[in-house]
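Work from the hints to combine the two standalone chains into their complex.
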Amino acid sequence: MNRPRQSYEGVALVTPVSTPYQRYSIETAHWWIAKALKGSLDAAGLKPADLDGFSVASFTLFPDTAVGLTQHLGLSPRWLDHIPMGGASGVIALRKAARAVQSGDADIVACVSGDTNHIDSFRALLSSFSRFAMDASYPYGFGGPNANFALLTDRYMHEYGATREDFGRIAVAQRENALKNPNALMKKPLTLEQYISARPIADPIALFDCVMPCAGSEAFLVMTVEEAQKRGLPYATIEGAIERHNAHASDLIQLRGGWTVDIDELYEQAQCAPTDIDLLQTYDDYPVISMMQIEDLGFCPKGEAAEFVRTHDLTISGDFPHNTSGGQLSAGQAGAAGGFIGLVEAIRQVTNQAGSTQVANANRAMVSGFGMINYDRGVCSSAAILKGGAA
Amino acid sequence: MTTPLTPPPKKNPLKRSLTPTSPPGVRSRATLGLTAAAAEGRFMLQTCAECSTVQYPPRDACCECLSVDLPWNDISPTGTLLAESTVRTSTNLYFRERAPWRLGSVHLDAGPTIICHVHGDVAPKSRVILSNRLDRSGQGVMIALPEQRTPDMEDDPELRAMSSDPKHRRVLITDARNPNAPTLARALHDAGATMIFVGESETWLPNPQRDALSAIPGVEIMALDVTNTTSVKELAGEIGGKVDILINNARFVRPGGAMARGDVAFAQNEMDVNYFGLMRLAQAFGPGMCARTADGVNSAVAWINILSAYALVNSADYGCFSASNAAAFSLSQNLRNDFRAAGLRVMNVFVGPTEDDWHQELPPPKVLPPTLARSVVQGLRHGLEDVYCGDVAKDMIERFRAGPKILEREMTTGGQG
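Protein chains in written order, with the numbering used here: chain U, 1 to 391; chain C, 1 to 417.
The following block holds chain C by itself, in its conformation from the complex (with noise of 0.2 Å):
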């Protein structure tokens, strides 16, 4: 049984924070497609396309006929548990920090036998369901769970070092007019974030959410304008050793390419919300949160950048919205590298059109903040890097994968195709 987390004691301020340290990251170009994978949840594994056979580890041929053409497929991550051990000692430091560490061997219905982590509640030699995750190396790593849920398995140590969970954690929303704010905050609460704080723009102003966000239990709303390097940098001074979890839901959106505006005035807004202000927030909170990734049951875990799915191919309709998105995308890969060593999770969430007046000459499918909420908080929860939101963005990503310059013709033929 896992013993539920309890929450955690006041910080001392003259304790030193664990430096964070990572599990081994590096990994052949083959092994990486775990990793992709794993960013989104999924459990593929090498199967040759000429004999069928499902390998790993991962290799450059097949181990059965040699064939080089060794695409990733789903497989169901069904296994038994042959043999298993608890580390207690390791000459890695981030084991070595964390032992005893359970780890074990699982034959998987599929075929091969893969060495993994084992979850705290899994019984001796019993069946398994593997979970692909990426550690804090970010990297693609597998953990076996037990066939049935057990009760509060995510709290078990292994599980929630693969996770971003915000049980016990501390959120910041920044931006408190955003309408899908409060349905984000009541969301994080429910998933047992302690405090969420909520940054509002031009506070003076009102805000017809202030109420709605103030109800929510935890929900403290700040002032913070993203769009002003001194008001981010305040923000962060005030409360950046306690934010574990950043949800930048910013956005500024008109409708439009180029050719459709005179000049480059709402452009500019565009990029200063969608794009500079997400550097701003990097720039201020970045390091105050990987300089706290290992601080215990509330370390600082992920962050999470709510982008439009035109990032991935440009829609004309919204040329240079879709183009502002596109850097924000860009910059989060170099997050992603920035952040990397502290184990500090960047999370996309990609989303369809939203159910709001910006978008409302555009059909159905729309995203509604609750399934933005529940994408959040289930990406959190598995660890993920990449989510897809809504029915728009999935048939997005599913085109594009089948062929980019193909979705570009689609989306940028203004509607007539």
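Bound-form chain U, shown alone (with noise of 0.2 Å):
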């Protein structure tokens, strides 16, 4: 048996940061990372010298690593990560950032994500994205993971009959929620006729069902509650964090995440129930992955998400507020930043920080990542649940 997970207890999450996205951007990766670790800092009022931990996450520092970072941003932390996991890695980064920290292996950890998006670069990604794809996805169509998604797409609508228009349902909502948020590259308002009647991608995927590759950045801090305190910053608690990678692997085609082996323990540490969660932000590259966390992350039966979603307001000042910033589907996918998006907008509705996508009373939000279609599936998994601690 698994020895019982410890508390993290006495850590502090702060100063989260979004930069403004962009659809292309003539920078470079290096660039947007150094602007969300500034705009976190300024916001605690540190200096780069202050950092004693850093962790990254990034597609495009190619050929840079966490490595080439610090001594081209100038940092000299003792504890250093590159967390290459893609949509699960905003979990995971605070998740070993916050060990750190309780065990004094480092005072103040900066946990940022950012990717460039050059005209092109998101083809370039594609070809070198991982040896099975290269061996077993790609020579098939093409079609990137586009072609993946649909396929568990046409799977899940398959098994559990769920149809477009529920997928739309949460690309809709969280259309409505992008438009309060000024940063989120679509603006326009979006219909579930214009979601139905929409170019078609890769069947049963259509324009509206996929994100929008572009350059952004995300930041937060970690350090101790004493330190956030002392400081006079608002911050977060961690009530329980998860990860786990290729989970299932006997099952055909993905239809369930990793998600489902922890999550009981994940309520267990948090010492709560679903029930008690104020908002979800779930990972959104496709509305089939947001479903089948919404069931494996326990708020409805396996199957039942549609649904739960025909039966839900996912809107902001809806029953259950999901992707409160318009997540990936409508703020933009930035590369791995698409990792970060839902913790950081999580760490500011949980501090009271989100203005104009703020949820009313949000004290408890759950945050769950998924990442890296390898082959056919996605292997990582993860999922935390965030408190607004007392400032």
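Bear in mind the hints are in silico, worked out from the structure with no lab data behind them. Think of the CB as a built atom: it goes at the ideal place given N, C-alpha and C, for glycine as much as any other residue. Among these hints, one or two may not hold up.
Said to hold, decoys possible - Simulated coverage check for chain U against chain C, where a stretch passes if three residues somewhere in it have a Cβ under 8 Å from a Cβ of chain C: (1) 120-126; (2) 152-162; (3) 247-253; (4) 256-266; (5) 339-353.
Here it is, written out as structure tokens:
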């Protein structure tokens, strides 16, 4: 049996920063990461030299890694991490940074993710994504993640009777949320009719099921609660956090993620139940994946997420606030920052700093991550429950 | 239902031919096992030697038990289509030009889930048979086919892109004097080839096969001497733009090794026809064919060399002839490299001793022209690279794989073994 999970007590998440995204950028990942890092440090009243821990997630830093970034950005951390886990990277960066702070390996860790998006860089990224993708998925139509998720969506619809309208409800609600987020790339309202009649991309996936690749960055700082209080910073605490990789390898096709393995322990660690969650930030590279998370995180039984989204209002003011900044579907997918967008928004929400997207009385938020279609399914999953601390 | 291909319209010379593009062709070393199997039309996957797990995608260790002993075995190709998609837009030019493109996820009865191309006649969520094919990048890929044959199924655009089907295509057979020429030409006509050019050397001399050839619809006999660079270039200038499949059946054969002969005269003839002949043809016809591999229904698609199986290992009784074929085989591998970017397939048909005067002293089995013609047409339809024609060639490749050195001893003991 597993030993009991240690709590994340005493760890504070502060100064969430989202750099406004751009569809295309002539700048580099280094530039975007620096911008978010500076934003977070400035908000905390810290200088780069005050930082002794640094965690980075990015796809477009090549040939650099976190190592190259330390010299590039003039940092001298005593704790350094690089998280190559795409959509799961935010929560995983948080888990590791929190333990570093708890153990005293670092006092202040910056968790940053950022990617640029040049003309044609998405294609270049796809071509070298993973060995299995190169060997066994891209030679088949080269549809990229669209094609992979089209297969999962097709099977999900077949197994559980979900319809395009059901997926559309998620996309439409997120667009409504995005219209309240001045930094979201999508500025126009989206109707269910527009969603349904959109240009097909990889059946059954159409245009509004797909995220828009863009440039952007996200950051937050991890420190002790004591330090956050001393500096007068609004902070969030980690009630529980999980990650899992390559779960359910014998499932023929992915209809569930690794969350199902660990979810009970997550709620146990957080001492709460799904009904106690005030808002949910799922990893929404495609609506079907958000549905999978709504099920696997315990908000409804397996196969019933379609019914769940039919009977719940997923907007900021609704009974189930979901992806309140618009998520990747409407705010944009800035590479690995897509693994941070929900987490950074959740920190803002529970610390009452979300401004125009603020959910009323948001005390407890759940964030989940999903990443890396290595061959036929997403391999990494992660989730965390955050709570607002007293500033 | 597959829509049958219609004969292509006459080419408008003012219109630009599509520049050939390729599907993604980079593979890990492990995955090249799929390519090797596809080259000869086999369906093989990695099977763990320790725990018997069949796994895919190919790996460097078993995902069940971490064994690194992962031989490739023939596997039953049956399975069930779990899910499908039709890709309508791709960042890859090859698929972009060919969209929409159907693909799917198949649960193979043997275990793994396989992302594959899907034939248009496969019903959703139905039983399928996977076929392992070479795509136009020259790498092995899998396509799900319906369990039962359907009408005109070869005309499915995805399947056709993974074959070298002669239907609606134009063929050049290089040697009208080879006894196999009429049977080859007839088989290609029957397989739907629209024009069959047949090269004839020394046209002023009688050719007993001319009548049989001329009787086949679509056959046109053209002057061609593969030992004469000018002759090869002249024919390429005349018909090079409409040769979609080139079959090099020219051959010079005499028994004997180096020590059985007093000079190099025959060996020079052997090299001139069997090796330099191939090179002259490649230099004259290769560039034109490579430029036309994306040219619609009758695009250039394959280059076929009829080689002696003795190209693999020297046969003592035909020592010098074997050497010339080994040279041609080696050159064909070099041509594969040069033709790969265009997607022009080089198919080698390795043939055992043929039923003709020069192999009169050998005991049966010997390869008759209909057997060879069948191998060629089947190889084209399946888009193969390596075809072993006849019992002797099949026996030889099996022994070659078991141990080339042992086969060398078996082949060179002068019949005393």
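Status of the hints after comparison with the structure:
1. Closer than 8 Å: that is the beta-carbon criterion, and the stretch 120-126 of chain U has 3 residues meeting it against chain C, so the requirement of 3 holds.
2. With 4 residues having a Cβ less than 8 Å from any Cβ of chain C, the stretch 152-162 of chain U passes the three-residue criterion, so the hint holds.
3. Beta-carbon proximity to chain C at under 8 Å applies to 3 residues in the stretch 247-253 of chain U; the threshold of 3 is reached and the given coverage holds.
4. Residues of the stretch 256-266 of chain U with a Cβ under 8 Å from some Cβ of chain C number 0, which does not satisfy the need for three, so the listed coverage is violated.
5. Check on the stretch 339-353 of chain U: 0 of its residues sit with their Cβ under 8 Å from a Cβ of chain C, so the three-residue criterion for coverage is violated.
In the structure shown, a violation is registered for the earlier hints numbered 4, 5, in ascending order.
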